[in-house]
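From first to last, the protein sequence lines stand for chains R and Y.
Residues in the first sequence are numbered from -7 upward in steps of one, following our numbering.
Residues in the second sequence are numbered from 756 upward in steps of one, following our numbering.
To be clear, the hints were calculated from the coordinates, so they are not data collected in a lab.
Computed from a predicted model, the values in this text were never measured in an experiment.
Honestly, I wouldn't trust all of these hints.
Which chain Y residues face chain R? A few, computed with CB under 10 Å, are given here [unchecked claim]:
hint, residue
1, 786
2, 795
3, 800
4, 805
5, 865
Here are the in silico distance ranges between beta carbons for each label pair [to be verified]:
hint, chain 1, residue 1, chain 2, residue 2, range
6, Y, 814, R, 76, 32 to 40 Å
7, Y, 771, R, 12, 20 to 28 Å
8, R, 89, Y, 826, 22 to 30 Å
9, Y, 819, R, 70, 40 to 48 Å
For every residue, glycine included, the Cβ atom is placed at its ideal position computed from N, Cα and C.
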Amino acid sequence: AQTVTQSQPEMSVQEAETVTLSCTYDTSESDYYLFWYKQPPSRQMILVIRQEAYKQQNATENRFSVNFQKAAKSFSLKISDSQLGDAAMYFCAYRGPSGFNKFYFGSGTKLNVKP
Amino acid sequence: EAGVAQSPRYKIIEKRQSVAFWCNPISGHATLYWYQQILGQGPKLLIQFQNNGVVDDSQLPKDRFSAERLKGVDSTLKIQPAKLEDSAVYLCASSPLAGVYTDTQYFGPGTRLTVL
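Generate the whole structure from the sequences, applying the supplied hints.
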């Protein structure tokens, strides 16, 4: 079975600074999808960014970007110019190539943003 | 477009009681997921539907949990009887079958269950 590992249970960053959250995964598939989801306290989970494994170019969404290293099975999230509203749990997730494949989530990283 | 709706938002029950959760996915989304998220952990898939058929229920404790998705739209998840370890947030998510974002899930606000 696929596994997703987030080795940083909690991280802190100063407002306006940059922070990188780590994620590694294990799979035997060559084609798959990777995601970062944000879950603010007592609020619903929302998609931050997604990456298709067949694309070599790293995905970017405004202040959020990823460093996708397929050979190393690594998928880190970089948040630039951190804002107080970025404080949340961040989950890395993996899904196989088919729409029938299920999603696997990591255990999450709690991000604190200091003013 | 309206998001994924869930109810109730909170539920407190005694152990051995029964409880049911309801989910209405985004209109037109064929795939529906139920997750259990225990405090401090990532979501764990309980069951995945494609229209009204079950795609994966390998991690659903079938002796006490059941789920159905009649007419391929909304869904209910039931626990009978509940145990203390069932205390968690139950998340519903949906994704489209066609279009650009078939690989992306959209989550509801969740139902927080406390079993005393």
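Status of each hint after checking the structure:
no., hint, result
1, 786, "holds, 7 Å"
2, 795, "holds, 8 Å"
3, 800, "holds, 5 Å"
4, 805, "holds, 7 Å"
5, 865, "holds, 6 Å"
6, Y:814 <-> R:76: 32 to 40 Å, "holds, 36 Å"
7, Y:771 <-> R:12: 20 to 28 Å, "violated, 46 Å"
8, R:89 <-> Y:826: 22 to 30 Å, "holds, 29 Å"
9, Y:819 <-> R:70: 40 to 48 Å, "holds, 42 Å"
The structure fails to meet hint 7 from the earlier list, while all remaining hints are met.
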